[in-house]
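Participant: The lines below spell out each chain.
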Amino acid sequence: MTAIATREAPPEVAPAPAVPGRRRWTRRILPAYTWLMICYFSLPILVMIVFGFNDTTGKLNLRWQGFTLNWYRNLFDNPGLTAALRNSLLIALISTVLSTIIGTMIGLALGRYRFRGKNVYDLVIFSAISAPELVLGASLLSLFITVQFQRGFVTIVVAHVAFSLAFVAVTVRARVLGLDPTLEEAAQDLGADHWTTFRKITLPLLAPGIVAGALLAFALSIDDYVVTSFVNGQVETFPIWVYGATRVGVPPQVNVMGTLIFLGGVAIAVGNAVLARRQRA
Amino acid sequence: MSARAGGGRGLAPYLIGLPGGLWLAVFFVIPILVMLSLSLQSGNAEEGFRFTWAWSNYADAWEFYSTQFIRSIVYALIVTGLCLALAYPMAYWIAFYGGARKSTYLFLILLPFFVSFVIRTASWKFILNDQGLVLGPLKDAGLLPDDFHLLATSTAVIGGLTYNYLPFMVLPLYVALERIDPSLVEAAHDLFASRASAFRRVVFPLSLPGVFAGVLITFVPVASDFVNSGILGGTQTTMIGNVIQTVYLNSNDYPLASAMSFLLMAALLVGIFTYARALGTEQVMEVSQR
Chain A
1 MTAIATREAP
11 PEVAPAPAVP
21 GRRRWTRRIL
31 PAYTWLMICY
41 FSLPILVMIV
51 FGFNDTTGKL
61 NLRWQGFTLN
71 WYRNLFDNPG
81 LTAALRNSLL
91 IALISTVLST
101 IIGTMIGLAL
111 GRYRFRGKNV
121 YDLVIFSAIS
131 APELVLGASL
141 LSLFITVQFQ
151 RGFVTIVVAH
161 VAFSLAFVAV
171 TVRARVLGLD
181 PTLEEAAQDL
191 GADHWTTFRK
201 ITLPLLAPGI
211 VAGALLAFAL
221 SIDDYVVTSF
231 VNGQVETFPI
241 WVYGATRVGV
251 PPQVNVMGTL
261 IFLGGVAIAV
271 GNAVLARRQR
281 A
Chain B
1 MSARAGGGRG
11 LAPYLIGLPG
21 GLWLAVFFVI
31 PILVMLSLSL
41 QSGNAEEGFR
51 FTWAWSNYAD
61 AWEFYSTQFI
71 RSIVYALIVT
81 GLCLALAYPM
91 AYWIAFYGGA
101 RKSTYLFLIL
111 LPFFVSFVIR
121 TASWKFILND
131 QGLVLGPLKD
141 AGLLPDDFHL
151 LATSTAVIGG
161 LTYNYLPFMV
171 LPLYVALERI
181 DPSLVEAAHD
191 LFASRASAFR
201 RVVFPLSLPG
211 VFAGVLITFV
221 PVASDFVNSG
231 ILGGTQTTMI
241 GNVIQTVYLN
251 SNDYPLASAM
261 SFLLMAALLV
271 GIFTYARALG
281 TEQVMEVSQR
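Chains as they are written, first to last, in the working numbering: chain A, 1 to 281; chain B, 1 to 290.
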């Protein structure tokens, strides 16, 4: 999200004065098209939100029957769904903590030092980010089958750490590379030892990168269906449960949970952008 | 680079990098090797599998599922083309005429990412339902026959894939277009280039790195997607990802499933490599040197 907020627009390009009749492309057609596409992007989100208020009687949520707050009041009435959501949150939390710690360490190593084998790290991290999720899931499942490891909660966490780790590492590395080394030198000149310098100078300076990496890891984990579907065994996460429900009909509580997660995510992104703007001002 | 000077700290990067390196080795690199080995084994789920250089798994994978393989590649080509055509005008307008609201437009385009992938797709299933928001009114008005349906057709699957991966195409295009110095376009106009030829000879070539990145970032996940065809598709739209998932989890024919995953990975790698050689690196290099 930070990438969006960081660059401000240069002054608007003056449309070429040569052919005034053609201005309607940039004045009318392209903006209209862009807004149309934004509507298209928002349509399924809007439908999700609206039908969370649908006063439907049966299990199926298909036609608009009138407004109700029932599904917000009875959000946790569906035990299977509630358990799945709890699993998802717990898995996202644990895998975020693990991948943030380990990923930050890799990011530091790669951003700060030159060492033998660095290319290998770079290659593996690049592959982990660009490999199709299907391959990640299928290969992890192959491993768990071969060593006959019981699939479930633990294997989901392990898999989620494996794919979010690389994202945290590149996010933190970018921050490390942008760090001003004189600040740390100054601390050491003032008598701080390595550990104090790290704790009081380096870590606070890296914090925005680490937080961004952690948010990314959380978002990747809570949304993951593909990799999880290979390694989950009998454990159901929120996306797995919803995918199963699409065959028989998605209950309105899913819309409500989706809406709440959506609002939470938007609030964090907007808050982040506002904060970044205020810091620069 | 801020590689730190000073001796005596040679072990530090290895120590901090170790936990992550081990994690990636054990849970990313080794699994792929295990999958390769599994794809050459034979046996069955009850009695176990043994390594026998069973290349026949690959032959079987192609013989049984070439339709789904080819379908996945065709879908991915169509979806990538659609995404490029739909995303370019948007990215162009935001980059050149977005003014102070560029970030807002991008944020609006990225909104779908704040909703779970599966829910987004389920929402499309709901919208495209036989009696749903789109088809219901059209059928009531008599504009469509009652038995017309969109779900379980390639149209629905391609539509879902396009929707889900379109933002991935917009972003790299926007980044590449936004980098173009507007004075270059002005210079072209000063030299009497028409708008069309200024676009064709200045803007478009300079945006090629974005096109290259966007195509890669869309094609690879689309070709291996199985959520869209799982939710929106039917038996006639099965993609290779669906087959791999089913063979792993339901038929338990692990060697065959591994062979398919490997074939898919190899096909994608070869594709990426050829594409990069043919179009990417050279052209990208050439453009950046100008």
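To be clear, the hints were calculated from the coordinates, so they are not data collected in a lab.
One thing to keep in mind: the hints can contain errors.
Label pairs and their in silico Cβ distance ranges [to be verified]:
(1) A:L123 - B:D60: 28 to 36 Å
(2) B:L184 - A:G178: 26 to 34 Å
(3) B:F192 - A:E185: 38 to 46 Å
(4) A:F149 - B:F64: 26 to 34 Å
According to the in silico footprint, chain B covers these stretches of chain A (three or more CB under 8 Å from chain B) [what the hints assert, rightly or not]:
(5) 24-33
(6) 42-51
(7) 66-72
(8) 78-85
(9) 150-164
(10) 203-211
(11) 238-245
Just so you know, these numbers come straight off a predicted model, no measurement behind them.
The C-beta atom is built at its ideal place from N, Cα and C for all residues, glycine as well.
Participant: Does each hint hold? Answer for all of them.
Facilitator: Against the structure, the hints come out as follows:
Under the hint 28 to 36 Å, the C-beta atoms of L123 (chain A) and D60 (chain B), about 32 Å apart, fit the expected range. For L184 (chain B) and G178 (chain A), the Cβ-Cβ distance of about 28 Å falls inside the hinted range of 26 to 34 Å, so the restraint holds. Evaluation of the 38 to 46 Å hint for F192 (chain B) and E185 (chain A) yields a failure: the beta carbon distance comes to about 55 Å. As the Cβ distance of F149 (chain A) to F64 (chain B) is approximately 29 Å, the hint placing it in 26 to 34 Å holds.
Counting residues of the segment 24-33 of chain A whose CB lies closer than 8 Å to any CB of chain B gives 5, so the stated coverage by that chain holds, three being the minimum. Figure legend: the segment 42-51 of chain A, annotated as covered by chain B; annotation consistent (7 residues with Cβ-Cβ distances under 8 Å, at least 3 required). Check on the segment 66-72 of chain A: 0 of its residues sit with their Cβ under 8 Å from a Cβ of chain B, so the three-residue criterion for coverage is violated. Only residues whose C-beta sits within less than 8 Å of a C-beta in chain B count toward coverage, and the segment 78-85 of chain A has 0 of them, not enough to reach three; the restraint is violated.
Residues of the segment 150-164 of chain A lying with their CB closer than 8 Å to a CB of chain B number 4, which satisfies the three-residue condition for coverage. Here's how the segment 203-211 of chain A fares: 0 of its residues keep a CB closer than 8 Å to some CB of chain B, so the rule of at least three is not met and the hint is violated. Residue count for the segment 238-245 of chain A with a Cβ under 8 Å from a Cβ of chain B: 5. That meets the three needed, and the coverage hint holds.
Taken one by one, the earlier hints fail for this structure at numbers 3, 7, 8, 10, listed in ascending order.
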